[in-house]
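Starting from the known structure of chain A, fit chain B onto it as the hints suggest.
This is what each chain is made of:
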Amino acid sequence: MVTGLIFNLERYAVHDGPGIRTLVFTKGCPLRCIWCSNPEGQKACPELLLVKERCSGCGRCINVCPRKAIVVLSGLSYTDKDLCIKCGKCVKECPNQARQVVGTYVTVDWLWSEVKKDVPFYWRSGGGITVGGGEPTTQYEFVAQLLGKCRGMGIHTAIETCGYATWDAMQEVLEHTDLVLYDLKVFDPSIHEQLTGKPNNVIHGNLERICQANRWDVIVRIPIIPGYTDSRDNLVNLAKFVATVNREGSVKKIELIPYHRLGVAKYERLGRKYELQEHALLTEDEMDRFAKLVMQYAGVGVYCQSLQ
Amino acid sequence: MASTNGSFSPRVAKIRESLLHAKPELCSERAVAVTESYQETEGEPLFIRRAKALGKVLDCLPIYILPEELLVGHPSRVLRGAQVYPEFGVRWLEQELDTVEQRKQDPFVITSETKGRLRAIIPYWKGRTLDEIVAEAFNYLPQIEAGKEAGVFAVEQNEKGGIGTVLLNYPEILTKGINGVKREVADRLERLDLGDPEYFKRATFWRGCLIVCDKVMGLAQRYAELAQKLADSELNPIRKQELETISNICSHVPAAPAGNFHEALQAVWFLHMVACLETNGTGISLGRMDKYLLPFYERDIASGHLSREEALELVQCFLLKLNESVKFHDNESAVINAGLQTFQNITLGGVDSNKICGSALTSVFLDAIRLLRLPQCHATMLVSPWTPKDMLRQAIECIIETPGQPALMGYNAFIQHLLSSGVSWPEVREFAFVGCVTPSTYRMWNRAGAVYFNIAKALELALNDGVDPLSGKQVGCSTGSPTSFGTFDRLIEAFQEQMRIGVRIAVAASNIIERIHAERVTYPFLSLLLPDCVEQGLDVTHGGCRYNFTRVMGVGLANVANSLAAIKKLVYEDRRLDMKDLLEALQHNFEHDFEEIRRLLLEGAPKFGNDNDYVDGLAQKVSQLFFDEVERYTNIRGGKFLPAYQSLLTNLYFGWKTGATPDGRLARAPLADTISPVHGTDVVGLTGVTKSAAKLDHVRSDGTILNMKIFPLLVFGEEQIQAFADFCRTYLVDLGGSQVQFNVVSGEILREAQRRPYDYLDLMVRVTGYSARFVELCKEVQEDIIGRTEHQHW
Numbered sequence: 004m005v006t007g008l009i010f011n012l013e014r015y016a017v018h019d020g021p022g023i024r025t026l027v028f029t030k031g032c033p034l035r036c037i038w039c040s041n042p043e044g045q046k047a048c049p050e051l052l053l054v055k056e057r058c059s060g061c062g063r064c065i066n067v068c069p070r071k072a073i074v075v076l077s078g079l080s081y082t083d084k085d086l087c088i089k090c091g092k093c094v095k096e097c098p099n100q101a102r103q104v105v106g107t108y109v110t111v112d113w114l115w116s117e118v119k120k121d122v123p124f125y126w127r128s129g130g131g132i133t134v135g136g137g138e139p140t141t142q143y144e145f146v147a148q149l150l151g152k153c154r155g156m157g158i159h160t161a162i163e164t165c166g167y168a169t170w171d172a173m174q175e176v177l178e179h180t181d182l183v184l185y186d187l188k189v190f191d192p193s194i195h196e197q198l199t200g201k202p203n204n205v206i207h208g209n210l211e212r213i214c215q216a217n218r219w220d221v222i223v224r225i226p227i228i229p230g231y232t233d234s235r236d237n238l239v240n241l242a243k244f245v246a247t248v249n250r251e252g253s254v255k256k257i258e259l260i261p262y263h264r265l266g267v268a269k270y271e272r273l274g275r276k277y278e279l280q281e282h283a284l285l286t287e288d289e290m291d292r293f294a295k296l297v298m299q300y301a302g303v304g305v306y307c308q309s310l311q
Numbered sequence: 002m003a004s005t006n007g008s009f010s011p012r013v014a015k016i017r018e019s020l021l022h023a024k025p026e027l028c029s030e031r032a033v034a035v036t037e038s039y040q041e042t043e044g045e046p047l048f049i050r051r052a053k054a055l056g057k058v059l060d061c062l063p064i065y066i067l068p069e070e071l072l073v074g075h076p077s078r079v080l081r082g083a084q085v086y087p088e089f090g091v092r093w094l095e096q097e098l099d100t101v102e103q104r105k106q107d108p109f110v111i112t113s114e115t116k117g118r119l120r121a122i123i124p125y126w127k128g129r130t131l132d133e134i135v136a137e138a139f140n141y142l143p144q145i146e147a148g149k150e151a152g153v154f155a156v157e158q159n160e161k162g163g164i165g166t167v168l169l170n171y172p173e174i175l176t177k178g179i180n181g182v183k184r185e186v187a188d189r190l191e192r193l194d195l196g197d198p199e200y201f202k203r204a205t206f207w208r209g210c211l212i213v214c215d216k217v218m219g220l221a222q223r224y225a226e227l228a229q230k231l232a233d234s235e236l237n238p239i240r241k242q243e244l245e246t247i248s249n250i251c252s253h254v255p256a257a258p259a260g261n262f263h264e265a266l267q268a269v270w271f272l273h274m275v276a277c278l279e280t281n282g283t284g285i286s287l288g289r290m291d292k293y294l295l296p297f298y299e300r301d302i303a304s305g306h307l308s309r310e311e312a313l314e315l316v317q318c319f320l321l322k323l324n325e326s327v328k329f330h331d332n333e334s335a336v337i338n339a340g341l342q343t344f345q346n347i348t349l350g351g352v353d354s355n356k357i358c359g360s361a362l363t364s365v366f367l368d369a370i371r372l373l374r375l376p377q378c379h380a381t382m383l384v385s386p387w388t389p390k391d392m393l394r395q396a397i398e399c400i401i402e403t404p405g406q407p408a409l410m411g412y413n414a415f416i417q418h419l420l421s422s423g424v425s426w427p428e429v430r431e432f433a434f435v436g437c438v439t440p441s442t443y444r445m446w447n448r449a450g451a452v453y454f455n456i457a458k459a460l461e462l463a464l465n466d467g468v469d470p471l472s473g474k475q476v477g478c479s480t481g482s483p484t485s486f487g488t489f490d491r492l493i494e495a496f497q498e499q500m501r502i503g504v505r506i507a508v509a510a511s512n513i514i515e516r517i518h519a520e521r522v523t524y525p526f527l528s529l530l531l532p533d534c535v536e537q538g539l540d541v542t543h544g545g546c547r548y549n550f551t552r553v554m555g556v557g558l559a560n561v562a563n564s565l566a567a568i569k570k571l572v573y574e575d576r577r578l579d580m581k582d583l584l585e586a587l588q589h590n591f592e593h594d595f596e597e598i599r600r601l602l603l604e605g606a607p608k609f610g611n612d613n614d615y616v617d618g619l620a621q622k623v624s625q626l627f628f629d630e631v632e633r634y635t636n637i638r639g640g641k642f643l644p645a646y647q648s649l650l651t652n653l654y655f656g657w658k659t660g661a662t663p664d665g666r667l668a669r670a671p672l673a674d675t676i677s678p679v680h681g682t683d684v685v686g687l688t689g690v691t692k693s694a695a696k697l698d699h700v701r702s703d704g705t706i707l708n709m710k711i712f713p714l715l716v717f718g719e720e721q722i723q724a725f726a727d728f729c730r731t732y733l734v735d736l737g738g739s740q741v742q743f744n745v746v747s748g749e750i751l752r753e754a755q756r757r758p759y760d761y762l763d764l765m766v767r768v769t770g771y772s773a774r775f776v777e778l779c780k781e782v783q784e785d786i787i788g789r790t791e792h793q794h795w
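Protein chains in written order, with my numbering: chain A, 4 to 311; chain B, 2 to 795.
Careful: at least some of the hints might be erroneous.
Unchecked claim - Derived lysine-lysine pairs resembling BS3-like cross-links, with alpha carbons at most 27 Å apart:
| id | chain 1 | residue 1 | chain 2 | residue 2 |
| --- | --- | --- | --- | --- |
| 1 | B | Lys569 | B | Lys622 |
| 2 | B | Lys581 | B | Lys569 |
| 3 | B | Lys696 | A | Lys119 |
| 4 | B | Lys105 | B | Lys149 |
| 5 | B | Lys569 | A | Lys120 |
| 6 | B | Lys581 | A | Lys95 |
| 7 | A | Lys269 | A | Lys256 |
| 8 | A | Lys120 | B | Lys570 |
| 9 | B | Lys569 | A | Lys95 |
| 10 | B | Lys570 | A | Lys95 |
| 11 | A | Lys256 | B | Lys581 |
| 12 | A | Lys276 | A | Lys255 |
| 13 | A | Lys120 | B | Lys696 |
Said to hold, decoys possible - Taking CB as the label site, the calculated pair distances span:
| id | chain 1 | residue 1 | chain 2 | residue 2 | range |
| --- | --- | --- | --- | --- | --- |
| 14 | B | Gly681 | A | Glu271 | 56 to 64 Å |
| 15 | A | Arg70 | B | Lys581 | 35 to 43 Å |
| 16 | B | Gln625 | A | Arg70 | 48 to 56 Å |
| 17 | A | His282 | B | Arg430 | 56 to 64 Å |
| 18 | A | His282 | B | Lys581 | 55 to 63 Å |
| 19 | B | Gln625 | A | Gly60 | 44 to 52 Å |
Just so you know, the hints here were simulated from the structure itself, not pulled from any lab data. Keep in mind the model is a prediction, meaning the values are calculated, not measured. Beta carbons are placed, not taken as given, at the ideal position from N, Cα and C, and that holds for glycine.
Just chain A, with the same shape it has in the complex:
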C-alpha cells in the first residue's frame, strides 16, 4: 500500500470547494512563495518545530537526544538541524508540547477511514474531499489512489494545486478529480520565479491543457499579496490569460484570496525567517476593487474569500 506524507487533516472545511469538505494537506511543494502561509507544507519530509512560548527551557529534551543536537540557552531550547535525525524522542519527552513533529506518513486506507466519517455531511451539502497542501501532485500516486477510492464511493473530489507538475503527474491525479482549484499568482515569468522560485510556463501550460480537455470544473484562485500580486498590470494580465485559455468554459469562477498574516508564527517555529514585509490587511473595499478589475477582463465571475 502506498503511503503519503501529510501535515494536517481538517474536517468541516467550507472554503475549498463546494459544501462541507474534508481537507487533506499533503506535505511537499515545488514552489517557495515568499508569502506562503503553510511553510510547514513545503518540505517533503517530517520536520521538527518548536513553539517558543511553550518552551520552559527545562532541558529534558537534551537528555533524550541521541545525537546531542539540543542545547538550552537563556531558558529556550535550540536544535542543531544538521545533527537532528528527526527521531522524535524529544517530542515525546517535552512536557509542554513545545516540541512537535510536523508531517506524518499515512496510508490511503487510514485516510479513507477518516474521510468517510463525514459522509452524511458531504451528501447533505454537496461536499466531499479536497486534497491540497503543499502540492498534491508531488505525491501523485498516493493522491490518485486516495481520490480514486473516494470517488468510487460517490464522494465529490477536488484538488488544490499550484499547477507546477509534469503533465503525467497532473493527469494521474486529475483522472480521479471532479474539481480543480488552480492557483495563479504572478503573470510575468521572471517575477514569478523571483517570488516563488520557479517560472510559470509549466503552470500556465497545464492550465491550458486542463481547460482544453474540458473534463473538469476549474476554479482559479489568485492570492492578493500587497506589493507583489496586486498591481493592476498583474491582475489584468492574469485575467486576460484566464479568458484566453477558458474557451470551453471549464473555469467556473475566480476567487481572490486576501493576504493574511496567520502563517507568520509558523516560520519562527520552523526556525526560518519570514521574508515578506508585514502589510496592513486588505479592506473589503480594496478587495471589491480588485474583484471588479479582474471581472472586467476574465469573463467569469470573481469572488472574494472572507476576510479575517
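Relative to the frame of chain A, chain B by itself:
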C-alpha cells in the same frame, strides 16, 4: 457596539434602550400583598388561599403605561424589577438582603424602603415556607444533605424561588376569553356530584379558579381605565389615538376572545405576566406563537388593518415585554442560573398536517428576534425533514447576528421521544418546548428543573470506595478499593452502583419536595390554563395533567467518558499506568511529581467529541447506565422520571465540589456541560463533535443540549452560510440529534467586553442552554465561556 441599531422603529428603539440601561431592582409589592393575604386567609382551604393571594397581588400591582408602549402591563413598578416570592423561602433572603447589591453574580438594586418592607414580612414566614419545610423533611433522611453537600446532586434550585417549566394553553383563552373558561368552570362546579369523595378538593379548586378569573380581568380593566385617563389628557393626537386603542383592547381582552392580532398579543402578555407573578416561574412557555397567532395575523392582513411592518413592531413590543421579567435567585442559584434568565420559550417552525412547517409569522418572529438582539425570548426553531431551505437559512442568519438565537431542535428525535414516553399522537403533534429543551404539551407538567445529577461524582465515589475525597465523608456505598478490581468491568459495576444509590437518594429528595409542594403551594392560575386540570378539578401539583414527568439532568458526561477511556486504555489495556499511582495522583490533584501522570491521561487516551468510537462507545455506555438508573422511578403524580442532558451552569457548581478526575481535569475545575466535549479537547472540528454527540441515545433523553461555539468567519459568505445550514440539518435530521445551539463570537470580543462592559451591553452569549448578556455574568462564568473550544478555522 450597535446598541443604537437604526433598523427598528423609534418606538422599539426607545423601549429597547431603556431596558438595556435599566438596572435589575428588587421589588416588594408582591411579597407584601401575598403576606397580607396569607394573614387574612389563615385557616381557609389551600386552593382558596392561593387564589386569594394571587388575587391580592394583582389588585395591588402598581400600574403604569410608558409613553411609547403599544402593549401594556408591567410585572413590577420598575423596568426589570424582580418580585419576591416569600412562600417559597425567606431564609436566604434574610441572610442576603444586605449583600444583594454587591454580590458577584446578578447584583440587584434595592431601595431602603423595599429592604424595610421585606424585612418586616420575614418574621411571618419563619417556619412556613416551602424551603424550611423541605429542609425539615430532609432531616429524616441524612443521606440527602450528605449527597447535596458533596455535590452528588442538586435538587432545590427552583424550589427556592418557584417553579415553572410548563406550556400553558394561551390559545384557548384567545378563542374563548377568560369569561368563556370561567363559565365552563362555574358549570363544572354546579354539576359536581355531591357524592364524589373528592368533592371538597374539587370544589375548592374550581372556586379558586373562579376567583383568579375575576382578578385577572380586573387587572386588565384597571389598565383600560388608566389608558383612557391618559388618552383624555394626551395632547399629541397620534398618541391619543393609540391610548384609546389600548384602552379598548384592555377592556376587551383577556375577558373576551381576541378580535385581532394586537388584541391577541395583549391578551397573551396579560396571561403570561400573571403566570409569572403566580409562580416566579422559570420556563413558562409561550408555545408555538407562529401557529396560534396566525389566524389573527392573516385576517388582519387580508382586511388591510395590519401590515407586516406593523405586525413586526407589535411582535418586537411583545418580545421587549418578555425582557422586563427578571428572576431573583439566591446567591448559590444565581451562579447556576446566571444572567437573570427566565427561559420564556417560543417554539418556531413546528410541523403541521401536510408537512407544512411554520407560517408567514415564523419569519416575522425571526426578524423581530434578529433585530432586537436581547436575551428573551428563548427562541427555539424546529428543524424537520420538511423545513424549507429559506426558513432554516433565515434562522441561521438570525443565529449569526443575535448571536446564538434561535436554538435549533431536531423534530424527529423529539417526536420519537414523546411517543416512546407514552404521549399520544394528537398531543405529540402539538408539542412545543418549555425552558431550554424540554418537549411539552398542554396536557403535561414536566418538572423539568427537578434534579441535577453529577455523573462525575459517581465515578469519583467508585474510585474512592464511596468516600468523597474532598470532605472525607462516606457519601456513597462501599464498592471496594479500585486496586482490587482487576478488570475494567468491575470498575464499571462499582460506578453503576454509586450512580444507583446517588440517583435513588436524589429521587427521594425530589419526591419529598413534590409532596410538600402539593401540600403547601398550589397554582390556581397555571392549572386554569391546563385543560386536564380544569376538567378533573385537580391542581397541577396534584397530578392534574394527563402526563406527569420529573426530569433528572446528567452533568459531566464527557469527563466520565474521557476518564473511563483513560483508565481502560492506560491502566487495563496498555498497562502504562498503575491504578495505585493513578489514585494517588488524583488525591494530590496532579501536583508536583504527578504532573507526568496528568500528561499521560490528557494525551495518552482519546477524548469525547472527536468522533472516536473507543471513547464515544464509553460515553454511550455511561449514558445508558444513567438512563437505566433514572427510568426506574415514579414521581408522586404517577409519572415517570426521565433522564436528560441540560446542565445550565451546574457544571461549574458540581465542578467546585468534585476532585481531580482521571481525564486530567483538576480538582474544582468546571465539568463539561450537557453533552458537550470537555473544553479544548474537541480538536477535529464541528462535524466531529456532532458525530460523537449523535452516537448517544437522543430518543430516550428528554432533551439533549449540545453547545457549540463558532466564529463568525466560518459562516461568512453565501456558500459558507449554506454549508452551515446543511451542517445543522445533517445533525438534526440525518443523524437524529435533538438540539444544537451556537455561540457565534470571538474570544477577543469577549475579552474586550470584560474590559469595557458598558460598550457591550447588548452583547449576548449563550450559556449552556440559553442566552444572556455577557457583561452580566460573573468573571468565572465569563472565563468558562471563553474557554469553550473555539472552532477557529483558516
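Right, here's what the structure says about each hint:
1. B:Lys569 with B:Lys622: Between Lys569 (chain B) and Lys622 (chain B) the Cα gap is close to 13 Å, so the pair holds against 27 Å.
2. B:Lys581 with B:Lys569: 14 Å, holds
3. B:Lys696 with A:Lys119: OK: Lys696 (chain B) and Lys119 (chain A) at ~16 Å, within 27 Å.
4. B:Lys105 with B:Lys149: The hint holds at about 23 Å.
5. B:Lys569 with A:Lys120: Within the cut-off at roughly 24 Å; holds.
6. B:Lys581 with A:Lys95: Holds - the C-alpha atoms of Lys95 (chain A) and Lys581 (chain B) are around 24 Å apart, at most 27 Å.
7. A:Lys269 with A:Lys256: Violated. Lys269 (chain A) to Lys256 (chain A) sits at ~31 Å, over the 27 Å cutoff.
8. A:Lys120 with B:Lys570: OK: Lys120 (chain A) and Lys570 (chain B) at ~23 Å, within 27 Å.
9. B:Lys569 with A:Lys95: 22 Å, holds
10. B:Lys570 with A:Lys95: 18 Å, holds
11. A:Lys256 with B:Lys581: With Cα atoms ~62 Å apart, Lys256 (chain A) and Lys581 (chain B) exceed 27 Å; violated.
12. A:Lys276 with A:Lys255: Distance of about 37 Å is beyond 27 Å: violated.
13. A:Lys120 with B:Lys696: 12 Å, holds
14. B:Gly681 with A:Glu271: 56 to 64 Å: 23 Å, violated
15. A:Arg70 with B:Lys581: 35 to 43 Å: Check passed, 37 Å falls within 35 to 43 Å.
16. B:Gln625 with A:Arg70: 48 to 56 Å: Distance hint for Gln625 (chain B), Arg70 (chain A) holds at roughly 51 Å.
17. A:His282 with B:Arg430: 56 to 64 Å: 59 Å, holds
18. A:His282 with B:Lys581: 55 to 63 Å: 58 Å, holds
19. B:Gln625 with A:Gly60: 44 to 52 Å: 48 Å, holds
Checked against the numbered hints given earlier, this structure breaks hints 7, 11, 12, 14; the rest are met.
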